[in-house]
Structures are given as C-alpha cells and as structure tokens.
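Just so you know, the sequences run in chain order A and B.
Going by the working numbering, the first sequence opens with residue 1, and the numbers climb by one from there.
Going by the working numbering, the second sequence opens with residue 1, and the numbers climb by one from there.
These are computed hints drawn from the structure, not numbers from a lab.
Watch out, some of these pointers could steer you wrong.
As the list claims (entries may be wrong) - Lysine-lysine pairs mimicking BS3-like chemistry, simulated, CA-CA at most 27 Å apart:
id : chain 1 : residue 1 : chain 2 : residue 2
1  : B       : K89       : A       : K64
2  : A       : K76       : A       : K149
3  : A       : K203      : A       : K119
4  : A       : K64       : A       : K96
5  : B       : K112      : A       : K158
6  : A       : K76       : B       : K89
7  : A       : K119      : A       : K158
8  : B       : K49       : B       : K95
9  : A       : K96       : A       : K83
10 : A       : K127      : A       : K76
11 : A       : K180      : A       : K85
12 : A       : K83       : A       : K23
13 : A       : K96       : B       : K95
14 : A       : K149      : A       : K64
15 : A       : K64       : B       : K95
Claimed, not checked - Label pairs and their in silico Cβ distance ranges:
id : chain 1 : residue 1 : chain 2 : residue 2 : range
16 : A       : S44       : B       : K76       : 23 to 29 Å
17 : A       : E173      : B       : K76       : 37 to 43 Å
18 : B       : A133      : A       : D163      : 41 to 47 Å
19 : A       : Q205      : B       : D117      : 32 to 38 Å
20 : A       : D163      : B       : P84       : 30 to 36 Å
21 : B       : K76       : A       : Q205      : 41 to 47 Å
22 : B       : D77       : A       : Q183      : 54 to 60 Å
23 : A       : Y172      : B       : P84       : 18 to 24 Å
24 : A       : S28       : B       : R129      : 44 to 50 Å
25 : B       : E61       : A       : L87       : 17 to 23 Å
26 : A       : G177      : B       : S50       : 44 to 50 Å
As the list claims (entries may be wrong) - Some but not every residue of chain A turned toward chain B, in silico, with C-beta under 8 Å:
id : residue
27 : G41
28 : S44
29 : G55
30 : E63
31 : G66
32 : I69
33 : I70
34 : V71
35 : D73
36 : I146
37 : K149
38 : Q183
Glycine is no exception: its CB is placed at the ideal position from the N, C-alpha and C atoms.
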Amino acid sequence: MAFSDLFSRRRKDEPDLDTGAAKAPVHSTKVLAKFIASLNGRTSPVLLDLGSVTGSNVTFFGEKLGCKIIVEDLSKDIDRAVKEKTLPELPALLTKRFSQEDGSVDGILCWDLFDYLDKHAAAALAKQVVRLLKPDGVALGFFNTIEPKEPNPAIYTKHVVVDSAHLQYRPYEAARGKQKPFQNRDIQRMFEPLRITEQFLLKSQQREVLFRKTGEAGTGA
Amino acid sequence: MWKRDEAVKPTSQPTPAAAPVASNVQPSTPVAQQAEPRRIERDLVNIGKSVVIKGELSGSEDLTIEGHVEGKIELKDHLLTIGPNGRIKAQVFAKAVIVLGEVNGNVTASEKVDIRDGGSVDGDIVSPRVAIAEGAHFRGSVDMQRKGAAASASSSASTASSTSKSTPPSQPAVAQAAQPAAH
Numbered sequence: 001m002a003f004s005d006l007f008s009r010r011r012k013d014e015p016d017l018d019t020g021a022a023k024a025p026v027h028s029t030k031v032l033a034k035f036i037a038s039l040n041g042r043t044s045p046v047l048l049d050l051g052s053v054t055g056s057n058v059t060f061f062g063e064k065l066g067c068k069i070i071v072e073d074l075s076k077d078i079d080r081a082v083k084e085k086t087l088p089e090l091p092a093l094l095t096k097r098f099s100q101e102d103g104s105v106d107g108i109l110c111w112d113l114f115d116y117l118d119k120h121a122a123a124a125l126a127k128q129v130v131r132l133l134k135p136d137g138v139a140l141g142f143f144n145t146i147e148p149k150e151p152n153p154a155i156y157t158k159h160v161v162v163d164s165a166h167l168q169y170r171p172y173e174a175a176r177g178k179q180k181p182f183q184n185r186d187i188q189r190m191f192e193p194l195r196i197t198e199q200f201l202l203k204s205q206q207r208e209v210l211f212r213k214t215g216e217a218g219t220g221a
Numbered sequence: 001m002w003k004r005d006e007a008v009k010p011t012s013q014p015t016p017a018a019a020p021v022a023s024n025v026q027p028s029t030p031v032a033q034q035a036e037p038r039r040i041e042r043d044l045v046n047i048g049k050s051v052v053i054k055g056e057l058s059g060s061e062d063l064t065i066e067g068h069v070e071g072k073i074e075l076k077d078h079l080l081t082i083g084p085n086g087r088i089k090a091q092v093f094a095k096a097v098i099v100l101g102e103v104n105g106n107v108t109a110s111e112k113v114d115i116r117d118g119g120s121v122d123g124d125i126v127s128p129r130v131a132i133a134e135g136a137h138f139r140g141s142v143d144m145q146r147k148g149a150a151a152s153a154s155s156s157a158s159t160a161s162s163t164s165k166s167t168p169p170s171q172p173a174v175a176q177a178a179q180p181a182a183h
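Could you put together the complete structure from these sequences and hints?
Take a look at the structure:
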C-alpha cells in the first residue's frame, strides 16, 4: 500500500468543515445508479429531497431526468428541535410535516438523515416515506453501521451528485451528531411494507439501501 | 478606453425627471410609501430600499428591486433582479430571475432562475434552468420541464393577470405538490 493511499483514506474519514466545495471528497455509490434507473422510465417523476438543497443536484435531477423536485430540508427541523429543546416533539412534527398527498412521489432521497434521528422520530419519518411513495416508487437511504465515536462531531453531510456512481460529501455544521445506528432488522421493520431491493455495505461502514414500494403495498399511514 | 467614457457620459447626465421611466413600471394598485422607480443607468430600473409596492408590478425592461413588493410582478420578456435588500411576497413571472434577497411566493421564468449566495426563495419554481448557489436558501419545488416553463412564463403571466385579483398572492399558482411553510 502506498503512502498516498493512507493519506487519501485519512482525508475521507475526517471531514474538514473548512474544506471548500471543490476539495470535498468524492465517494463511490452503488445504490444511486439503481435509484436513477428506477426514475428514468417515468414521465415527469416527482422527486422529494429531504436533504439540504444543492444546486447541482437540482440541475442533475431536473435537467437530466426531467424530475419535478420538492425540497424539504429536514436537517433544519432537527436543528430547530435541538436548539429549542423540543426533540421529544419531533416525531409528531414529522408526522404533520409533509403536505403532499398519499402516493404522490416517485422517488425520495433520504440520504443519511435517519442517522440523526432517535428511534421514534425515525419511525415517524419512515411512515411518511411509505405514505408519500407511489406504488413502485423508490427511496434511497444511507445508514451508519458503527457507533458514533466520542466526541461525536455535530456534522451533517451534503450529498452532491457528481454522476450516477459518485457522490461528493460536503460537511456542514449541525446541531447534533449521528445517533445510535439502526440494526438492519430495525430498518426493515421501520419501512414496512416497503421492500429492500438493493443493499450495499460500503468500506466506510455505511449501508446504502434502496427501498421500493410494491404495487400492492398500502399507504402505511 | 477613452471612447467608452465618452459613450457613457451622455447617459450618466442627470435627467431632470424620472417620469419617462416610471411609465415602464406600472403599479396598478395604490402604493404604500413611494412607488416611483429611479433610473440609475441606461437600461436598468431600480426600485430602491425604501420603496414599498403593494399590488401588481409589470414592465417591459429589466428591473432591479431593492425594496418591498407584495402582490404580483410581471416582466414577461425581461430580467428581474431581487437585490440583497429586496423583500418580495409575490408571484413572479419573468424571462429570467436573479435572487439575492428574499422571495416568498412562486417564481416562473421562461429562461432561468438563479438563486445566489444569501438569496432565499420560499415557493415553487417553474423554469427550464435553475441555479441554486451554495449558501442560498430554498424551500419548495422545482419544475424544470422545458415545455411547461416556456408556456407558463408566457401564458400563465397573461392568464394570471386576468385572474390575479381573485387570487391571493400567497396562493400557489403553479404548485401541485409542495406548499412551503414558514420556518
């Protein structure tokens, strides 16, 4: 192994908040291509992005895939709940958060938001994901598999699509760090009746999951 | 270099009155404080910081807004710039829109919507091209359907103008799914 390899890994493991957008590390992704492929055949698919707004993502999904993109940045809701000390009310807030109709969304980008939620809030959000997805709709989620280290850095990651196989990770300040990781079984249960159609465990110990709502699945709300 | 200065000179001479420019921007309802835009350059109309307009604003040249506008803005074939001090609570229809200030309402552009660093949009955007800078705030939906945007910027502006009196400014004109909520 070359020294340069060691240094490049170190850069990826320790996000630097001062890193400029251009210098932020680029990671490969397995599940994004499947997510995009699922949206590709649809006419004017509706895409819900739960992460922080990113101009290049809007361009990518809007211009290349012809998506109508709805941006609902949940990191701001989490931050507000932490600052106002209303975290116990977050599940109720998430239940009422989305004004969209049942089965109105073709694809949902959850990114790694579930890592920042407690069990009840995560369950409430998962229910909304189930409710909002159209039959055969897909949701993409990233789940941390390792216990957060102490001190737990309060950092969100902005996922910027470079291409269908690569994402740039841009760290930015958060009000809380990642929470205890969910077990695979918990994830499956949370998103029932969605089916996990793709699942990849990356070297970074992050699990990439693609959920799909089967044609017969109910709204789950 | 010298020639350019000479060319600019006549346009920078103080005009005795701003009245000719005002004819291009037509607030259709009473103006709260001051509704007369000033001409600061040859092809640029500027609505200053202290200006508050409530009602319908339409024009046929590029416009920069630094003040407050509530209601509806229609610059069908021209560029609308919401300056860093601009506060808009309106439906916006233009050829291109650059946002450096705050917009609360739906934005429809036939060419491009550009939300710059520090700019904020709470509403739905319909435009074939949308640029959102790092540091910009956006909440709502983006529809980049080329057909829809081109058609809606030209036609919905005209249809909306006939129906706008019955439509409250906060009500989405093009929204289908998202309803931006207050933070």
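Evaluated hints:
Restraint check: the Cα-Cα separation between B:K89 and A:K64 comes to about 31 Å, which exceeds 27 Å; the hinted pair is violated. Our distance criterion of 27 Å between C-alpha atoms is met by A:K76 and A:K149, whose separation comes to about 23 Å. At most 27 Å may separate the alpha-carbon atoms for a hinted pair to count; A:K203 and A:K119 meet this at roughly 25 Å. The suggested pairing of A:K64 with A:K96 is violated, with an alpha-carbon distance near 32 Å, which exceeds 27 Å.
Straight-line distance between C-alpha atoms of B:K112 and A:K158 comes to about 24 Å, which keeps the hinted pair within the 27 Å bound. This hinted pair checks out: A:K76 and B:K89 have alpha carbons roughly 22 Å apart, not beyond 27 Å. A distance of roughly 22 Å separates the Cα atoms of A:K119 and A:K158; the hinted pair therefore holds under the 27 Å criterion. Distance hint between B:K49 and B:K95 is fulfilled; the C-alpha atoms sit about 23 Å from each other, no more than 27 Å.
Annotation: proposed proximity of A:K96 to A:K83 holds, straight-line Cα distance about 20 Å (limit 27 Å). As the CA atoms of A:K127 and A:K76 are separated by approximately 20 Å, the hinted pair is consistent with the 27 Å bound. As the CA atoms of A:K180 and A:K85 are separated by approximately 19 Å, the hinted pair is consistent with the 27 Å bound. Distance check on the hinted pair: A:K83 and A:K23 sit about 30 Å apart at the alpha-carbon level, beyond 27 Å; violated.
Pair hint A:K96 plus B:K95 does not hold up; C-alpha atoms about 36 Å apart against a cutoff of 27 Å. With a C-alpha separation of about 39 Å, the suggested pair A:K149 and A:K64 falls outside the 27 Å cut-off, and the hint is violated. At roughly 22 Å between alpha-carbon atoms, A:K64 and B:K95 fall within 27 Å of each other, so this suggested pair holds. A C-beta distance of roughly 25 Å is found between A:S44 and B:K76, which places it inside the suggested range of 23 to 29 Å.
Range check, A:E173 to B:K76: about 41 Å between beta-carbon atoms, so the 37 to 43 Å window is met. The supplied range of 41 to 47 Å is broken by B:A133 and A:D163, whose beta-carbon atoms lie about 21 Å from each other. The hinted window of 32 to 38 Å between A:Q205 and B:D117 holds, with their beta carbons roughly 34 Å apart. Between A:D163 and B:P84 the Cβ separation comes to about 34 Å, which falls inside the hinted range of 30 to 36 Å.
Between B:K76 and A:Q205 the beta carbon distance is about 54 Å. The supplied range of 41 to 47 Å is therefore violated. About 58 Å separates the C-beta atoms of B:D77 and A:Q183, a value consistent with the hinted range of 54 to 60 Å. The hinted range of 18 to 24 Å is satisfied by A:Y172 and B:P84, whose Cβ atoms lie roughly 22 Å apart. Separated by about 29 Å at the C-beta atoms, A:S28 and B:R129 break the suggested range of 44 to 50 Å.
The hinted range of 17 to 23 Å is not satisfied by B:E61 and A:L87, whose Cβ atoms lie roughly 51 Å apart. As the Cβ distance of A:G177 to B:S50 is approximately 45 Å, the hint placing it in 44 to 50 Å holds. With 8 Å as the threshold, the beta carbon of A:G41 stays out of range of chain B, its nearest partner Cβ sitting at about 17 Å, so the hint is violated. Annotation: A:S44 was flagged as interfacial toward chain B, and the flag holds, the nearest CB pair being 6 Å apart, inside 8 Å.
Nearest Cβ of chain B to the Cβ of A:G55: about 4 Å, under the 8 Å cut. The hint holds. A distance limit of 8 Å between C-beta atoms decides the matter here; for A:E63 the minimum to chain B is near 6 Å, and the interface restraint holds. Here the hint on A:G66 is kept, as its CB sits about 7 Å from the closest CB of chain B, short of 8 Å. Proximity of A:I69 to chain B holds as hinted, the smallest CB-CB distance being about 4 Å (cut-off 8 Å).
Against a cut-off of 8 Å between C-beta atoms, the interface hint on A:I70 holds, since the closest Cβ of chain B lies about 4 Å away. Against a cut-off of 8 Å between C-beta atoms, the interface hint on A:V71 holds, since the closest Cβ of chain B lies about 6 Å away. For A:D73, the interface hint holds, since its Cβ comes within 8 Å of a Cβ in chain B; the closest pair sits about 7 Å apart. Given hint, A:I146 at the interface with chain B, is violated; its Cβ is 29 Å from that chain's nearest Cβ, farther than 8 Å.
At a threshold of 8 Å, the smallest CB-CB gap from A:K149 to chain B is about 28 Å, leaving the interface hint violated. This hint is violated: A:Q183 has a C-beta 33 Å from the nearest C-beta of chain B, more than the 8 Å allowed.
The structure does not agree with the numbered hints 1, 4, 12, 13, 14, 18, 21, 24, 25, 27, 36, 37 and 38 stated previously, though it agrees with the rest.
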